[in-house]
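Undergrad: Protein sequence lines correspond, in order, to chains A and B. Residue numbering for the first sequence is 1 to 198, as defined by UniProt numbering. Residue numbering for the second sequence is 1 to 198, as defined by UniProt numbering.
Incorrect hints may appear among the rest.
[As the list claims (entries may be wrong)] Residues of chain A clear of chain B, computed beta-carbon distances all greater than 12 Å:
1) Glu48
2) Glu52
3) Glu56
4) Glu131
[Said to hold, decoys possible] Stretch-level coverage of chain B by chain A, calculated; a stretch enters the list once three of its residues show a Cβ under 8 Å from a Cβ in chain A:
5) 109-116
6) 147-153
7) 168-177
[Stated by the list, open to error] Over 12 Å on every C-beta distance to chain B, these chain A residues come out as not near it, computed from the model:
8) Glu5
9) Thr7
10) Ala11
11) Thr25
12) Met26
13) Gln27
14) His41
15) His43
Hint data in this document are derived by calculation from the structure and do not stem from the laboratory. The C-beta atom is built at its ideal place from N, Cα and C for all residues, glycine as well.
There are 2 protein chains.
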Amino acid sequence: MDEPERTILDATYRALCEHGYADLTMQRIADESTLSKAAIHYHYDSKEHLFEQFLEYLYDRYTDRLDGATGASARDRLDALLTVQLADEAADPGIDFQTAMLEVRAQAPYDEAIQETLSAFDEALVARLRETIADGVDAGEFDERVDPDLAADLLTTAIKGAHTRQVAVRHPLDRSYEAARTYVDAYLVGEDAAEVSA
Amino acid sequence: MDEPERTILDATYRALCEHGYADLTMQRIADESTLSKAAIHYHYDSKEHLFEQFLEYLYDRYTDRLDGATGASARDRLDALLTVQLADEAADPGIDFQTAMLEVRAQAPYDEAIQETLSAFDEALVARLRETIADGVDAGEFDERVDPDLAADLLTTAIKGAHTRQVAVRHPLDRSYEAARTYVDAYLVGEDAAEVSA
Numbered sequence: 001m002d003e004p005e006r007t008i009l010d011a012t013y014r015a016l017c018e019h020g021y022a023d024l025t026m027q028r029i030a031d032e033s034t035l036s037k038a039a040i041h042y043h044y045d046s047k048e049h050l051f052e053q054f055l056e057y058l059y060d061r062y063t064d065r066l067d068g069a070t071g072a073s074a075r076d077r078l079d080a081l082l083t084v085q086l087a088d089e090a091a092d093p094g095i096d097f098q099t100a101m102l103e104v105r106a107q108a109p110y111d112e113a114i115q116e117t118l119s120a121f122d123e124a125l126v127a128r129l130r131e132t133i134a135d136g137v138d139a140g141e142f143d144e145r146v147d148p149d150l151a152a153d154l155l156t157t158a159i160k161g162a163h164t165r166q167v168a169v170r171h172p173l174d175r176s177y178e179a180a181r182t183y184v185d186a187y188l189v190g191e192d193a194a195e196v197s198a
Numbered sequence: 001m002d003e004p005e006r007t008i009l010d011a012t013y014r015a016l017c018e019h020g021y022a023d024l025t026m027q028r029i030a031d032e033s034t035l036s037k038a039a040i041h042y043h044y045d046s047k048e049h050l051f052e053q054f055l056e057y058l059y060d061r062y063t064d065r066l067d068g069a070t071g072a073s074a075r076d077r078l079d080a081l082l083t084v085q086l087a088d089e090a091a092d093p094g095i096d097f098q099t100a101m102l103e104v105r106a107q108a109p110y111d112e113a114i115q116e117t118l119s120a121f122d123e124a125l126v127a128r129l130r131e132t133i134a135d136g137v138d139a140g141e142f143d144e145r146v147d148p149d150l151a152a153d154l155l156t157t158a159i160k161g162a163h164t165r166q167v168a169v170r171h172p173l174d175r176s177y178e179a180a181r182t183y184v185d186a187y188l189v190g191e192d193a194a195e196v197s198a
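The shape of chain A in the complex, shown without the other chains (with noise of 0.2 Å):
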């Protein structure tokens, strides 16, 4: 990516967060940069042309993140990867965007660039969900008896749900961290596998 396009995108993030999605333009993004509005059109020719690239972006931003939340155990890397979407909160993007995030999310129907991004979003949470806790349960560190795949699939709903709710209703990011946490030391680590560790 060219310096100039980093700029934009950057400043698309900020114009972002602080007006929402519905009051996302061209002028506001460049309010946000030290570019014109008439430069950052000699890079991206419309809006929506502009914010799809904005979403590949941050999609390698959000794979990046998920890459990062290592461990030396399949159980640390799962926490690691719930402390990144519910609880990290350096690399928290914060409420303002994730506000801005449910407006995306609640257009994606009516846009199918939008949507086919978001997919690749939830295609990226979820595979490494699987990846972690099947590698769990073949180390013995996770019940034999948990299906990797539900498993992954409702702790992606508890994450989407946690971020809708934050946004919608106001309900403590933190509280939903807790509740998912619970969850994994619960059903995922189990009786069993608690014994077999000890």
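Assemble the complex: chain A is given as a structure, and chain B must be docked to it using the hints.
TA: Then chain B, alone, in the frame of chain A:
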């Protein structure tokens, strides 16, 4: 509620499913009813006022559906609540309605009246799940180690996430239902409780 008001709110429901929240207008509501736009304005002075009343009307329908989730045991009642939320195709408001409701949820941070009503929906669901799970723990149907507060929170978050994923990335609702059911069977009912009832 007067007959004309019920007619208007039913028409609002149909117009919302057809056009989405962003494109909901008094004219489109009139087009779905037997009343003129002027007649609708006689009952509701503004679209905002009509929509607030509409959300209250939806709330009553929602709590009626939750109250209809009955069963002989706590586990039956919990299954009935999950079915009402995720799998009752006859009563299911359908994806057009969920699409519009996701737009409404995305609007909540910008509109206090909407946020308040959505919070009441959220709390109604949490309260019924919590009561049902607590009843099941007390009756020995569910594992005594289950925390009804956290389990109700996780299920509420999963239900909201299921609706978000259904709309935003076309994730199948029956898949989310299966994942939630597996959670109930494996974690809430658990091995110990299964042995007790066996």
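Undergrad: Would the non-interface assignment of His41/A survive a Cβ cutoff of 12 Å against chain B?
TA: 26 Å, holds
Undergrad: Quick one: work out the minimum CB distance from Gln27/A to chain B and report holds if it exceeds 12 Å, violated otherwise.
TA: 20 Å, holds
Undergrad: Classify the label on Glu5/A as holds or violated, using whether its beta-carbon is more than 12 Å from each beta-carbon of chain B.
TA: About 26 Å separates Glu5/A from the closest Cβ of chain B, which puts it past 12 Å; holds.
Undergrad: Please check whether the beta-carbon of Ala11/A is more than 12 Å away from every beta-carbon in chain B.
TA: 22 Å, holds
Undergrad: Verify the coverage statement for the segment 147-153 of chain B against chain A, using a C-beta to C-beta distance below 8 Å and requiring 3 or more qualifying residues.
TA: Contact hint for the segment 147-153 of chain B vs chain A: holds, 4 residues under 8 Å.
Undergrad: So Glu56/A supposedly isn't at the interface. Is its beta-carbon more than 12 Å from every beta-carbon in chain B?
TA: 16 Å, holds
Undergrad: Is the nearest CB of chain B more than 12 Å from the CB of Met26/A?
TA: Met26/A is indeed farther than 12 Å from all Cβ atoms of chain B, at 20 Å.
Undergrad: Going by Cβ atoms, does Glu131/A stay more than 12 Å from chain B at every point?
TA: Glu131/A is indeed farther than 12 Å from all Cβ atoms of chain B, at 17 Å.
Undergrad: Can the segment 109-116 of chain B be counted as covered by chain A under the rule of three residues or more with Cβ-Cβ separation shorter than 8 Å?
TA: holds (count 3)
Undergrad: Regarding the assertion that Thr25/A does not contact chain B, is the least Cβ-Cβ distance greater than 12 Å?
TA: 17 Å, holds
Undergrad: Closer than 8 Å, Cβ to Cβ, for at least three residues: run that test on the segment 168-177 of chain B against chain A and report holds or violated.
TA: holds (count 6)
Undergrad: Minimum C-beta separation from Glu48/A to chain B exceeding 12 Å: can you confirm that?
TA: 16 Å, holds
In this structure, every one of the numbered hints holds.
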